[in-house]
Amino acid sequence: MNRAAFKTVYWKEVLENLRDKRTMLSSVLMGAVLGPLFLVGFMNIVVKMQQDKAERQLELPIINISKAQNLEKFFKAQGVKIVSINKTPEQSIKDKDYDVILEIDDDFASHIKNAKPAGIKIYYDDSAKGAAKVTVNRTRSLISAYEKQIGDLRLQLRGILPGLTNVIFIENHDLSTKTSRGAMFVSFLPYILIISLFVGSMYLAIDTTAGEKERKSMEPLFLNPVSRSHILMGKLAATSSFGLLTLVLTLMTFKATLPWYPFEKLGMSFELDLLSMLMIFVILAPLALLAGSIQTIIAAFAKSFREAQTYVSVLMFVPAIPTMFLTFMPVKEKLWMMIIPILNQNLIINQMIRGEKVVFSDLVLTVLSTLFLGLILAWVAIQLYNREKMLFSE
Amino acid sequence: MILVNNISKSFGNVQAVKDVSLEAPDGQITALLGANGAGKTTSMRMIYALIEPATGTVAIDGIDSVSDPIAARARMGILPDARGLYTRLTARENIQYFGRLQGMNDEIIDQRMKEMIERLGMEKFIDRKTEGFSQGQRVKVALARCLIHDPQNILLDEPTNGLDVMSTRGVREFLRDEKAKGKCVLFSSHVMQEVSAVCDDIVVIDAGEICARGSETELLAVTGRDNLEDAFVHLVTGGQS
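Chains as they are written, first to last, in my numbering: chain A, 1 to 394; chain B, 395 to 635.
The set of hints was computed from the structure by calculation and includes no laboratory data.
None of the values given here were measured: they were computed from a predicted structure.
Built from N, CA and C at the ideal position, the CB exists for glycine as well.
Just some of the chain A residues that point at chain B, by a computed CB distance under 10 Å: (1) K12; (2) E214; (3) L391.
Okay, derived cross-link-like pairs now, BS3-like style, lysine-lysine, Cα gap no bigger than 30 Å in a straight line: (4) B/K518 to A/K21; (5) B/K523 to A/K21; (6) A/K7 to B/K523; (7) B/K412 to B/K577; (8) A/K87 to A/K121.
Assemble the whole structure, with the sequences as input and the hints as a guide.
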């Protein structure tokens, strides 16, 4: 190993990239700042919307309310504002005018009188997101309360103890800890950290390979009495360093924005001490080599800088896959998952967010497996640049 | 001293270079003269050990460039056809980078840098970033960075391509000085006046093969022409004109 050449190439690439202010600003700084800012903004908006829906006076469109005057009185007593609509309930839900609409059956009153089940239709959209569900649930529980009130009254009139029909008394014991309750929101954190690594190293991966070919400085560079492998190692090291730099800055931005997270309102607590930050860094650091190498490999196949940029950008979707998978299908961590890079980092960081203890062997496995795959990819990248075909852009 | 023996190279079905042999002795300027696409660049690339010849051998000062390309390259200063500079670095930093890759320490680089700045007239732009340099300035920097280690063998691929008169003269003068110091200079060109002006020995290449070699006087005598251009045309058309 020609250390002097490795160091020379490394520092030249670092210096050259630092001088490119526009790139530094758009990749390193933006990569580090945008993600955490987006996350904190997103969480605040979601929490605020849910809170609004839960505390605000319920505005409830009820069709045929004249057929259920008793129910109307009950709703009004509960502080519900009953409104009318001039569209069909289907259209109104579709247009997102209201989250939920009730329709009273025509024979509602007579059925109540004759102690037969009286019908109410509930219109809502089950695929609607978070805050709408709050409204639906509030409406449902209001109707249940009314139903129970009438039901108890009927039993009492017949001289039966209302408690008789309560066969089972359910006592809820919610065992989600304070920390795990809001964890779903923070499941985006690993993704944001991982993507910062990819964003930080992307420019250099392209610039030192496809860019150097395009600017016709690759051939003179390779004419120095240094093996191509050593030159490429220097380039890869510089590429990965900027990934790491962006990761560190992202972690710091995240730490700095922590006070603005609505953890209190989510009923969760989350703290990021120096040790946890260090641990996250150690888990993610080997990913820098993997990201840099895979981007370099992809850039090797591009004929120009622009082409390489297109290909490498598409790669950004890959780290999103485990995050989405875990968001929609929460799984129990198994040992084999810890050897799959990106999935394992997601799992461990999620464990940390939920306040669970991270198993040491999982940690070691994560670091080693990621490093191993990174080294293989680095080797592939180096082999590619030893091929004569790769030397010329024409 | 460069010794090339029967090198060939094909790309796919195209035979770019076929059995090329030549000798470039020390203290002499040798030209590889040929039209565009005649195989000059491919031959040069094999000689300076960037690509491997399919057949034959190349020896630089006795070092086989196929089996030990790194040692062979250390004996050469090469100005290839591609001469891109790093535009975010200054001219000095560009040259320093290559000096370090040649294994030189900074002190020796500085000494040699002073000499190159003076000989190539780079005082005015040596500490400027190379973004927006003129063609002439770029070639000077490229030349300085490939010769920073004072190599015994100097290989140049179309060195004066795109240069104005003054820059061309500067490069020629530089090469004559190197020759006087006993260096081996081999350059490829398609410009007759240039070859005529600086070369001691001319190797004519056409369609990947060597078709003549000798001094200018010898080539004129063989072809019976009175200028190199006519002699060249006569050689590459096989006496048809």
